[in-house]
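Asker: Sequence:
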Amino acid sequence: MIVGGEGHRRKGIHVTNLPNRLREWATSFGRRDPEPEPDPQTTQTIEELRRTTAATVVAMDDAIRASARELETARSQVGGHACRRFVATLESARRLADDALARHREAVELAGSGADDTTERIRLSQVIDLARRVDELLDGDAEEFARLRDLRTRAPQLLEALVLRAGEVEHESVAADDELARLRADHPADGLVTVADNPDRARELATAARRLVNEGRAHLADRDDRAAAVVAARGAEAALHQARAELREVAEARSALATAREDVRAALASIRSDLADARRLEANNATTTTALERAHPVIDSAETALAEGGDLLGALAELTTAEQAIDDALAEHRDADDQRRRAHTRLERRVRNAEAFVAGVDRRLASSVAGTADNRSAISRAGHLVEEARTRLTDDPEAATLRLDEAMALAQAIQAELDEATREATARYYAEDRHRSGSVAEMTVDALAAGLIGLLSLGWGGSSSGGSSSGASGFGGGGRF
Numbered sequence: 001m002i003v004g005g006e007g008h009r010r011k012g013i014h015v016t017n018l019p020n021r022l023r024e025w026a027t028s029f030g031r032r033d034p035e036p037e038p039d040p041q042t043t044q045t046i047e048e049l050r051r052t053t054a055a056t057v058v059a060m061d062d063a064i065r066a067s068a069r070e071l072e073t074a075r076s077q078v079g080g081h082a083c084r085r086f087v088a089t090l091e092s093a094r095r096l097a098d099d100a101l102a103r104h105r106e107a108v109e110l111a112g113s114g115a116d117d118t119t120e121r122i123r124l125s126q127v128i129d130l131a132r133r134v135d136e137l138l139d140g141d142a143e144e145f146a147r148l149r150d151l152r153t154r155a156p157q158l159l160e161a162l163v164l165r166a167g168e169v170e171h172e173s174v175a176a177d178d179e180l181a182r183l184r185a186d187h188p189a190d191g192l193v194t195v196a197d198n199p200d201r202a203r204e205l206a207t208a209a210r211r212l213v214n215e216g217r218a219h220l221a222d223r224d225d226r227a228a229a230v231v232a233a234r235g236a237e238a239a240l241h242q243a244r245a246e247l248r249e250v251a252e253a254r255s256a257l258a259t260a261r262e263d264v265r266a267a268l269a270s271i272r273s274d275l276a277d278a279r280r281l282e283a284n285n286a287t288t289t290t291a292l293e294r295a296h297p298v299i300d301s302a303e304t305a306l307a308e309g310g311d312l313l314g315a316l317a318e319l320t321t322a323e324q325a326i327d328d329a330l331a332e333h334r335d336a337d338d339q340r341r342r343a344h345t346r347l348e349r350r351v352r353n354a355e356a357f358v359a360g361v362d363r364r365l366a367s368s369v370a371g372t373a374d375n376r377s378a379i380s381r382a383g384h385l386v387e388e389a390r391t392r393l394t395d396d397p398e399a400a401t402l403r404l405d406e407a408m409a410l411a412q413a414i415q416a417e418l419d420e421a422t423r424e425a426t427a428r429y430y431a432e433d434r435h436r437s438g439s440v441a442e443m444t445v446d447a448l449a450a451g452l453i454g455l456l457s458l459g460w461g462g463s464s465s466g467g468s469s470s471g472a473s474g475f476g477g478g479g480r481f
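Here the UniProt record's numbering is used: the first residue of the sequence shown is 1, the next is one more, and so on.
Calculated directly from the structure, the hints in this document are not laboratory data. In this text, a Cβ means the ideal position worked out from N, Cα and C, and glycines have one as well. There is no bait here: all hints are sound.
Restraint-style ranges between C-beta atoms, simulated for each label pair: (1) Thr321 <-> His81: 22 to 28 angstroms; (2) Val108 <-> Glu348: 41 to 47 angstroms; (3) Arg105 <-> Glu204: 50 to 56 angstroms; (4) Leu220 <-> Arg279: 56 to 62 angstroms; (5) Gly167 <-> Ala286: 46 to 52 angstroms; (6) Arg69 <-> Arg261: 50 to 56 angstroms; (7) Ala115 <-> Glu293: 43 to 49 angstroms; (8) Ala286 <-> Ser92: 18 to 24 angstroms.
With the hints as constraints, model all of the structure from the sequences given.
Answerer: Structural data, given as C-alpha cells:
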C-alpha cells in the first residue's frame, strides 16, 4: 500500500485519504480497507492537497524500490526466466511513477509562480491518479508473486501435481476427438480447420509438460537445484495451460459455429468502421499504418470464407486480432467515449455467445441422467448471471464481465459432468450389448434411458476445459470465448 487510512503517519507526515494498496506487492500483501474513503482531490484545501500529494510521491517511490528489492531476491531464488512477468510489471510501474514525478515537479513550480491554484490542483490530482494506477498495477500481481516466491519450497510437490494434470489433459483430449467427430458429421471440413488439430496439439503439449517435469525432477535429484526445477515447472504449467485452451476451443466450437456467420459479418462491419476512423482521424503513424496493412488481407480472407463456406472460426479469430491491433494503434486518437463504445460492442458479443452456450447445456440437462437438482439449480444460476451481465453491459461492464466468467465456469463444469455421464452410459450399453443382440429400436430406448439422447439430438458434447475462463490474480488467464 502507499499509505494507511485516516490517522496513519509516515516519516513525520500526517497522511489521510490516500490509496492503501501500493506496497502490498513488495511487502505483506495486507488486506484492503473495505471502507470507501473521501477523495482528497475534491475535499482538501490546496495546502492539504500539496501535503497529501507529497506523501503519496514518497510512498510510491518507496514501494517501487521495495518491489525491486523483492524481485531481485526472487530472481536469485527461482531464476530470471520465471520472473519475467514481474520485471515487466515493475517497468510499467516505473514509467507511471516517472510521469507522476514529472507532474509533481510541474505542480511545485506552479505553486512558486503565484498563479491561480486551479492548474496546480489539476497537476496534483493527476499525480494521485497516477499513483493509484501504480498501486493497482503492483497489487494485481501480488498473489501471483507470493505464489512464485513459494514455488522454491513447493517445487517437488508441484512437479508431481503437474504429472496428474498432464494425465487429465490426455484423458480430455480423447473426449475432444469424439466431439470433433460429431462436429464433422454436421459441418464441412473447411469450417473446422481452426480446431481440427487441437486435440493432437493438446497431447503434444502434455508430452512436452511431462518432459519438463522429468527435467525438473532431475534438477532436484542431481543438485537439489530448486531454481532450475521451478523454471521447468513453470514451463510445464504454461504448456498445460495452452493445452487446455486448445481443448476449450473444441468444446466451445459448436456454439461458436452456430453464430459464426453472424459474428463474422458483425466483425467485418466493425473493422471497416475502424478503417474509416483511421482515415477520418488521419492516423498515419507507423503503428497505425502497419495495423491497417495487416488488416486488409484478413478482411479479404473473411469475405471469402463467408462467400464460399470456409473457415469462419479462423476468420473470426483473425478479424478479432486485427481489430484489436487497430484499436490499440488508434487509442491515442480516440476519445474515451468512443473507446467505451467499442469495448461495449465486444462485451455484448461475449454475452450472446454465453447465452447460446448456457442454453445448449440446459437443453442437454433435460434429457440426461446428469440432470440432478444441483446441476439444474447451477445452470439456472448460470442463466441468471448471463441475464445480469446483459443488464449491466452499459452501466457496469466490469461487473458484467465477472458475471459472464462465473456463468461460463458453472456451465462448463456441468458440461464436464454431462460428458462423463455420456461416456459411462456408452460403456454400459456396449458392455450389455455383448450379451444380447439389440435392434436399432432397442438401442434408441437404451440410449434414452442412459441419457445419451441429449448427445444424439443436441450435439453439445465434447471436452470440457474445466474451471473459469477468466483470468485470476490480475493475470488475465484462461481463454475468452
